[in-house]
Every structure is written in C-alpha cells, then in structure tokens.
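Trainee: Residue numbers for the sequence shown, in the numbering used here: 85 to 173.
Calculated directly from the structure, the hints in this document are not laboratory data. Be aware that one or more of the hints could be misleading.
Below are the DSS-like pairs computed for lysine-lysine, each with C-alpha atoms no more than 27 Å apart in a straight line [stated by the list, open to error]:
1) Lys168 to Lys145
2) Lys145 to Lys89
3) Lys120 to Lys171
4) Lys171 to Lys89
5) Lys168 to Lys151
6) Lys151 to Lys89
7) Lys168 to Lys89
8) Lys89 to Lys124
9) Lys168 to Lys130
10) Lys151 to Lys169
11) Lys130 to Lys171
12) Lys171 to Lys124
13) Lys124 to Lys151
14) Lys169 to Lys120
15) Lys130 to Lys89
16) Lys151 to Lys120
17) Lys169 to Lys89
18) Lys145 to Lys120
19) Lys168 to Lys124
20) Lys120 to Lys130
21) Lys120 to Lys89
22) Lys145 to Lys124
23) Lys169 to Lys145
24) Lys169 to Lys130
25) Lys145 to Lys171
26) Lys124 to Lys169
27) Lys171 to Lys151
28) Lys151 to Lys130
Between beta-carbon pairs, the in silico distance windows are [to be verified]:
29) Val128 to Lys89: 15 to 21 Å
30) Ala88 to Val128: 21 to 27 Å
31) Asn166 to Gly132: 15 to 21 Å
32) Lys124 to Asn166: 28 to 34 Å
33) Asp152 to Gly125: 27 to 33 Å
34) Asp133 to Val159: 32 to 38 Å
35) Lys89 to Gly119: 14 to 20 Å
36) Ala107 to Glu131: 27 to 33 Å
37) Thr139 to Pro110: 25 to 31 Å
The beta-carbon is built from N, C-alpha and C at its ideal position, and this holds for glycine as well.
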Amino acid sequence: MFMAKYTIDHDRPICIGCAACEAVAPDFWVMADDGKSDVKGAEVTKEGDVIVRETLEIDEKDFQTNKDAAESCPVNCIHILNEKKEKII
Numbered sequence: 085m086f087m088a089k090y091t092i093d094h095d096r097p098i099c100i101g102c103a104a105c106e107a108v109a110p111d112f113w114v115m116a117d118d119g120k121s122d123v124k125g126a127e128v129t130k131e132g133d134v135i136v137r138e139t140l141e142i143d144e145k146d147f148q149t150n151k152d153a154a155e156s157c158p159v160n161c162i163h164i165l166n167e168k169k170e171k172i173i
C-alpha cells in the first residue's frame with residue numbers, strides 16, 4: 085500500500101517557545117533547553133552553532149497530528165510540505 089510522504093519544515097529561529105506544538109503532538113515535538121521547540125529525530129541545518137532549520141519526513145498517518153501542531157503555532161514557524169516540496173501548511 086502506497087503512503088504519501090510529507091516533510092515537516094521547522095523554521096526554528098522564529099520559534100517563540102510557546103510549546104503549543106509539543107502539547108498537540110508530543111510524539112514529534114519537544115522543548116529544548118534554549119526554550120525553543122525541536123522536532124524529534126529531525127535532520128538539522130546549522131549556521132555556525134545556531135540551528136536554523138529542522139526537517140523530518142513523515143507518512144500520511146502522521147500528517148494530521150503535525151498539521152494540527154503547525155496550525156497551533158502562533159508564529160507559523162512549522163510548515164508541512166508535500167512530496168513535491170510544495171508548502172501545504
């Protein structure tokens with residue numbers, strides 16, 4: 085059975101640390117020691133010592149949970165991309 089693939093794209097510098105994502109999707113999101121959220125198991129992009137982006141590929145079964153997390157973010161730093169890397173959320 086084919087399952088669609090999506091990518092969580094977290095623009096981490098914009099995060100204000102409100103923890104809404106972690107409250108909505110604790111299996112995917114955790115608050116870091118610096119007060120910002122992190123995507124569990126994500127590929128991390130850094131500029132110097134600063135994490136600027138986190139990405140994680142997810143399946144269809146995890147889409148709705150992470151869509152809800154993205155929609156809960158007051159600063160819109162969480163995006164969901166489709167297989168073509170087009171922004172859905």
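Trainee: Per the hint of 14 to 20 Å, is the separation of the Cβ atoms of Lys89 and Gly119 within bounds?
Mentor: Taking Cβ atoms as reference, Lys89 and Gly119 lie about 31 Å apart, which means the hint is violated.
Trainee: Need the status of pair Lys168, Lys145: alpha-carbon distance at most 27 Å?
Mentor: Given pair Lys168, Lys145 holds - Cα atoms ~18 Å apart, limit 27 Å.
Trainee: Just to be careful, I want the Cα atoms of Lys151 and Lys120 compared with a cutoff of 27 Å; is the pair within it?
Mentor: Roughly 19 Å between the alpha carbons, so the hint for Lys151 and Lys120 holds.
Trainee: Is 21 to 27 Å respected by the C-beta to C-beta distance linking Ala88 and Val128?
Mentor: 24 Å, holds
Trainee: For the pair supplied as a hint, Lys168 and Lys151, is the alpha-carbon distance within the 27 Å limit?
Mentor: Holds - the C-alpha atoms of Lys151 and Lys168 are around 17 Å apart, at most 27 Å.
Trainee: In this structure, is the beta-carbon distance linking Val128 and Lys89 contained in 15 to 21 Å?
Mentor: Since the Cβ atoms of Val128 and Lys89 sit about 19 Å apart, the hinted range of 15 to 21 Å holds.
Trainee: Does Lys124 pair with Lys151 here, judged by a C-alpha cut-off of 27 Å?
Mentor: 16 Å, holds
Trainee: Check the hint pairing Lys169 with Lys145 against an upper bound of 27 Å on the C-alpha distance.
Mentor: Measuring from Cα to Cα gives roughly 18 Å; hence the hint holds.
Trainee: Does the alpha-carbon distance linking Lys151 and Lys89 stay inside the 27 Å limit?
Mentor: Judged against 27 Å, a Cα distance of about 13 Å means the pair holds.
Trainee: Would the pair Lys171 and Lys151 pass a check requiring their Cα atoms to be no farther apart than 27 Å?
Mentor: Cα-Cα ~12 Å, so holds.
Trainee: Does Lys89 lie within 27 Å of Lys130 when you go C-alpha to C-alpha?
Mentor: Roughly 24 Å between the alpha carbons, so the hint for Lys130 and Lys89 holds.
Trainee: Is the Cα-Cα distance between Lys89 and Lys124 27 Å or less?
Mentor: Holds, at about 17 Å.
Violated hints, listed in ascending order, are 31, 32, 33, 34, 35, 37; each of the other numbered hints is respected by the structure.
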